[in-house]
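Peer 1: Sequence:
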Amino acid sequence: MRSRLTLVALLAVPLGCSPKAPTSGAVAPAAPAVTIVRPEKRAINRVIEQPGAIVPTEETRLFAKFPGFVKAIGLDSTKPGGDRRIDIGSRVTAGQLLAELAIPEVEQEAKQKAALVRQSEAEVDQAKKALVASDAGVASAHAQVAEAKAGMSRAQAMVDRWQSELTRISGLVQSGVIDSQTRDETTNQLKAAEAGRNEVAAKVTSAEAGVRKSQADKDKAVADVAAYEARLEVAKAEVGRLAALLGYARITAPYDGVVTHRAINTGDFLSTPGKEGMFSVARPDPVRVVVQVPEADAGLVSEGLPVKVIVQALRGPELTGTITRTSWSLEPGSRTLRAELDLPNKDGRLRPGMYVYARITAALPEAWAVPAAALGKVGDDPMIHLVEGGKAVRTLVQLLRGDGQFTQVTRHKKPGAAEWTDFTGSEVVATPAAALTDGQAIPAPSP
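Just so you know, we're using my numbering here: the sequence shown kicks off at 47 and counts up by one.
Hints listed in this document are in silico derivations from the structure and should not be mistaken for laboratory results. Please note: incorrect hints may appear among the correct ones.
[Unchecked claim] Below, a list of computed lysine-lysine pairs in the DSS-like style, where the Cα atoms sit at most 25 Å apart: (1) Lys266 - Lys175; (2) Lys117 - Lys157; (3) Lys460 - Lys87; (4) Lys354 - Lys392; (5) Lys259 - Lys249; (6) Lys264 - Lys174; (7) Lys125 - Lys423; (8) Lys195 - Lys264; (9) Lys282 - Lys266; (10) Lys266 - Lys174; (11) Lys111 - Lys159; (12) Lys174 - Lys282; (13) Lys111 - Lys282; (14) Lys437 - Lys423; (15) Lys237 - Lys249; (16) Lys117 - Lys159.
Let the hints inform the model, and build the full structure from the sequences given.
Peer 2: See below:
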């Protein structure tokens with residue numbers, strides 16, 4: 047199949063009419079030269095040429111979170127003199143101070159919260175000392191209980207002694223050895239011992255109650271320590287919150303970059319965030335090239351496609367890169383696809399806002415193709431001239447895409463036909479279309 051296509055493709059055949067004797071002395075015009083070709087399978091590189099612009103990879107606008115006064119603007123260490131302030135064009139590093147604000151009410155509140163922290167620390171210390179004292183009180187109460195219980199043992203021993211003595215004396219009285227007065231005295235001694243025992247038992251009960259009270263005091267002291275420590279944590283959290291708020295008073299660079307906008311001066315009062323912000327910082331390396339691809343070509347553009355970029359302002363050689371990212375979806379208004387590529391910019395020559403011209407190359411899969419010159423128009427519809435029976439037959443055609451020299455085609459339809467017919471490569475096409483008319487005789491090429 048390939049060899050047959052090669053044999054019949056692109057046969058340039060100048061054609062003309064056989065000369066006839068003039069009847070009135072005028073010379074008949076020669077028929078236009080045409081070329082007969084057959085469709086052939088071609089993979090076409092579609093070049094999408096669109097203008098674009100350079101934008102920074104990142105550009106951050108910095109705002110004041112709270113109303114305040116501009117206390118100072120940071121120093122630009124890259125400028126000579128040592129007292130130059132940050133301004134447009136200043137190169138800054140990540141974390142570098144750009145401006146410092148004064149927020150008096152927040153500063154005073156921060157001092158108050160710091161004092162509350164010190165007060166809470168003192169309360170925690172006092173509560174811990176009270177806990178130590180309560181521990182000692184518990185130990186003392188336990189010692190008193192032990193002492194009372196020891197006294198209880200002695201008192202019980204005295205009761206037991208006099209009980210035994212009373213039993214012995216009572217036996218002697220019954221036997222008439224001694225008189226009843228001795229028994230009465232012994233009875234009184236027993237009663238006194240029992241009273242002493244009861245007194246000691248009361249002391250034991252009191253000492254045990256003292257233990258419970260001391261333990262309760264200790265538990266309260268423990269709770270007080272926990273409460274004061276919690277209060278201290280709250281106070282420290284408040285100090286941290288105020289410190290975070292005061293951190294907003296320091297406006298710093300988010301990354302290494304260039305200041306592209308400054309809207310404040312020393313002493314300015316910033317009441318609202320505003321739309322412009324205090325500073326704008328842009329990252330200069332790399333930069334992005336943004337190209338808006340029309341809807342007709344949007345489906346061809348994807349990450350990794352090669353791109354050539356001409357920066358007209360630099361008048362240097364074209365730059366090369368690949369598509370880094372696309373928006374995937376089209377802009378509703380313009381119906382264009384946003385395509386971006388990243389370009390290195392260590393020397394800073396590429397500046398945001400510069401106009402560029404980009405050429406994106408997309409490889410199309412193989413399809414039947416004819417020379418671009420073989421295509422014409424019937425109204426708004428594309429057409430070609432097929433050669434049938436030695437004549438040019440104007441035929442409507444459905445197109446894919448072209449590269450300027452060849453255009454891919456899918457189907458064709460003859461005038462009056464109801465259905466489209468797929469190209470097979472066997473068709474004979476006459477070109478250029480602009481030099482042909484429907485029904486024009488196309489003699490067979492000379493052998």
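Peer 1: Determine for every hint whether it applies to the structure shown.
Peer 2: Hints and how they fare:
1. Lys266 - Lys175: holds (13 Å)
2. Lys117 - Lys157: holds (19 Å)
3. Lys460 - Lys87: holds (22 Å)
4. Lys354 - Lys392: It holds: about 19 Å lies between the C-alpha atoms, which stays within 25 Å.
5. Lys259 - Lys249: Within the cut-off at roughly 15 Å; holds.
6. Lys264 - Lys174: Cα-Cα ~10 Å, so holds.
7. Lys125 - Lys423: Given that 25 Å is the threshold and the Cα spacing comes to 65 Å, the pair is violated.
8. Lys195 - Lys264: holds (23 Å)
9. Lys282 - Lys266: holds (24 Å)
10. Lys266 - Lys174: The hint holds at about 11 Å.
11. Lys111 - Lys159: holds (21 Å)
12. Lys174 - Lys282: holds (19 Å)
13. Lys111 - Lys282: Between Lys111 and Lys282 the Cα gap is close to 22 Å, so the pair holds against 25 Å.
14. Lys437 - Lys423: holds (18 Å)
15. Lys237 - Lys249: The hint holds at about 18 Å.
16. Lys117 - Lys159: holds (23 Å)
In summary, the structure is inconsistent with hint 7 from the numbered list given earlier, while agreeing with all the others.
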